[in-house]
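Put together the whole structure using the sequences plus the hints.
For the sequence shown, full-length UniProt numbering begins at 1 and goes up steadily by one.
Hints are not guaranteed to be accurate.
[To be verified] Straight-line alpha carbon distances no greater than 20 Å define the calculated DMTMM-like cross-link-like pairs of lysine to aspartate or glutamate that follow: (1) K82 / E248; (2) K476 / E516; (3) K476 / E443; (4) K336 / D17; (5) K347 / D485; (6) K347 / D534; (7) K82 / E277.
[Said to hold, decoys possible] If you anchor each label on the Cβ, the simulated ranges turn out as follows: (8) E46 / P342: 42 to 48 Å; (9) R79 / T193: 26 to 32 Å; (10) E439 / P342: 45 to 51 Å.
Think of the hints as simulated: they come from the structure by calculation, not from any bench. Where a beta carbon is used, it is the ideal one built from N, C-alpha and C, also for glycine.
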Amino acid sequence: MASYLIEPVDGSSGRYDTARYQGATGRNWWTSDPSLRLLMRRHLGEGYGWAEPHLSRLGALMSGPIAAYAEETDRNPPRLEKYDKWGRDVSQVVMPPSFTSAREALMADNFTSPEFAATAERNGANPAALSVAWTYLLDQADIGMGCALGTGGDMVVSLAEKHAPADVLERVRTIFANGFYSGEAAQMFTERTGGSDLAALEAAATPDGEAWSLTGLKWFASNANGSAFVVLARLPAGDVAPFLVLWERRDGTRNGVRIRRLKDKLGTRSVASAEVEFTGAEAFLLAGSGSGSGLGTMMKLTNASRLGVAMMGVGVARRALVESLCYASAREAFGKRLIDQPLMRRKLAELIVEVEAAQALVFDGHLGPRLRLAPALVKLRAARLGVTAASDAIEIHGGNGYIEQWPVARLLRDAQVNPIWEGGDNILCLDVRRAMLRENAHEPFLDRLEAAASAAPSSDPATVDLVRSRIGDLRKAITVWSSLDQVAAEARLFPLAQLMADVYAAALLLEQAGWEERSGFGDRKALIARLYADAHLVEHGPLRGIDRPAEDLDRFDDLASGALEF
Numbered sequence: 001m002a003s004y005l006i007e008p009v010d011g012s013s014g015r016y017d018t019a020r021y022q023g024a025t026g027r028n029w030w031t032s033d034p035s036l037r038l039l040m041r042r043h044l045g046e047g048y049g050w051a052e053p054h055l056s057r058l059g060a061l062m063s064g065p066i067a068a069y070a071e072e073t074d075r076n077p078p079r080l081e082k083y084d085k086w087g088r089d090v091s092q093v094v095m096p097p098s099f100t101s102a103r104e105a106l107m108a109d110n111f112t113s114p115e116f117a118a119t120a121e122r123n124g125a126n127p128a129a130l131s132v133a134w135t136y137l138l139d140q141a142d143i144g145m146g147c148a149l150g151t152g153g154d155m156v157v158s159l160a161e162k163h164a165p166a167d168v169l170e171r172v173r174t175i176f177a178n179g180f181y182s183g184e185a186a187q188m189f190t191e192r193t194g195g196s197d198l199a200a201l202e203a204a205a206t207p208d209g210e211a212w213s214l215t216g217l218k219w220f221a222s223n224a225n226g227s228a229f230v231v232l233a234r235l236p237a238g239d240v241a242p243f244l245v246l247w248e249r250r251d252g253t254r255n256g257v258r259i260r261r262l263k264d265k266l267g268t269r270s271v272a273s274a275e276v277e278f279t280g281a282e283a284f285l286l287a288g289s290g291s292g293s294g295l296g297t298m299m300k301l302t303n304a305s306r307l308g309v310a311m312m313g314v315g316v317a318r319r320a321l322v323e324s325l326c327y328a329s330a331r332e333a334f335g336k337r338l339i340d341q342p343l344m345r346r347k348l349a350e351l352i353v354e355v356e357a358a359q360a361l362v363f364d365g366h367l368g369p370r371l372r373l374a375p376a377l378v379k380l381r382a383a384r385l386g387v388t389a390a391s392d393a394i395e396i397h398g399g400n401g402y403i404e405q406w407p408v409a410r411l412l413r414d415a416q417v418n419p420i421w422e423g424g425d426n427i428l429c430l431d432v433r434r435a436m437l438r439e440n441a442h443e444p445f446l447d448r449l450e451a452a453a454s455a456a457p458s459s460d461p462a463t464v465d466l467v468r469s470r471i472g473d474l475r476k477a478i479t480v481w482s483s484l485d486q487v488a489a490e491a492r493l494f495p496l497a498q499l500m501a502d503v504y505a506a507a508l509l510l511e512q513a514g515w516e517e518r519s520g521f522g523d524r525k526a527l528i529a530r531l532y533a534d535a536h537l538v539e540h541g542p543l544r545g546i547d548r549p550a551e552d553l554d555r556f557d558d559l560a561s562g563a564l565e566f
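The structure is reproduced here in structure tokens:
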């Protein structure tokens, strides 16, 4: 029975048949996603059969309870209990019941846990691929929860294993017994004096027996309800190094950690972000004694975190696409469904192509060869796409999209943080420069592009030739860029990085298309690759491509059915 009152209107036209407006929630995000199933077939190989029921269960979990909990947590975010009844500072972050329920459900079905990974491996399935699928589906429901569970866990454990005293390491191992992705870590870098500018960092650490005493204020610390923090602080000699801080000291007393306030954020309200003050907190140096040598290791781990943020971007983009396809299939205007109208088909086709291109980048970043340039380039593209795709989804929904009761408003609020987390566009571009100049990282990157293009399908030689030509152009562009004066070279980093991402995505789509064709699954990825290359790699001249064939419209049904199964 309906829970709403029946309006006294003529419903014969069907305009008030609101039951047909089912969005993404409630659909199984695994069974309704052909592109994800194709990728998992490729990456899981013989283990696909074993993994498929687990993935189907996961798709139902994420699209059902987790998505519903995310909406509730967004309306009722974490709160801070600063003092107890005696006025003592307890700095306790109180998470809402919806967050707790979501976390419990996710930990009960955690594809990233050591136990699940071992079981998957015994059954011939790649644990890394299943972990990627888990985070991809979770990020469609709630990137805030993705941040809360995943922030810095690998960083804490990796550095503690190398540098922490034995008794402290044992505590860390206990905290992370359920794996890195368990919501127990936080990384605290940003200060009021600067975010990415480490030279402006003021938090300081001084030796204190076998440990260190840490004092300072961190301005934007996500997952403040975690149990183990990696904190950047300055050593007496002036170097910057990472430290481990726990809530309790070695002797069991409360550590010198105060939460000043929780941030009132635009979005991602399911992750508690706070201003955290350290007042002589017991800390443990996560580096070689007396040096900042742990900083390099930490920055490598930060690059891995960038891939996590990129996954959040593509997760939001995928959810925005699904909401858009669902709404356009139900909404009627001017006598027919939105999805049947040419301008809407153009927009939806563009969204499908861009989302699958970003998906190719993110999955290759996680599962492909370890490329030094990949994290910055992948995040640059995927994080921004999350914002633009969510904005497109709002426009497709019209006035409804601007209303918080519909899901796409939250998507846009959440997505906007991804270009900020782990470095904005300019910081990413500077990292691209650092990787090329210090590590010659463009050479293995270009080799990867060549290898991907070599695996292309035989059915579309024109697109293959185009991509190969652009790989050559990219080589020339890097050579020209390296000859520029320092100021001009820095200013040109952004278009250079964009060109890198364009060619990278096109080559990866060709690689996927080649696998799809050789495996007997059709030619849809070849279509995606062709449309992407046409949009990003072709110079369309003075007519700007107005005269080019409308393959995006002619094969729209192939594009849409391969993106979402209703």
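Cross-check of the supplied hints:
1. K82 / E248: The hint holds at about 17 Å.
2. K476 / E516: violated, 31 Å
3. K476 / E443: Cα-Cα ~12 Å, so holds.
4. K336 / D17: holds, 15 Å
5. K347 / D485: violated, 40 Å
6. K347 / D534: holds, 15 Å
7. K82 / E277: Distance ~13 Å between K82 and E277 Cα, so the pair holds.
8. E46 / P342: 42 to 48 Å: For P342 against E46, whose Cβ atoms are near 44 Å apart, the range 42 to 48 Å holds.
9. R79 / T193: 26 to 32 Å: Since R79 and T193 have Cβ atoms about 28 Å apart, the given range 26 to 32 Å holds.
10. E439 / P342: 45 to 51 Å: holds, 48 Å
Hints 2, 5, counting from the list given before, are not met by this structure.
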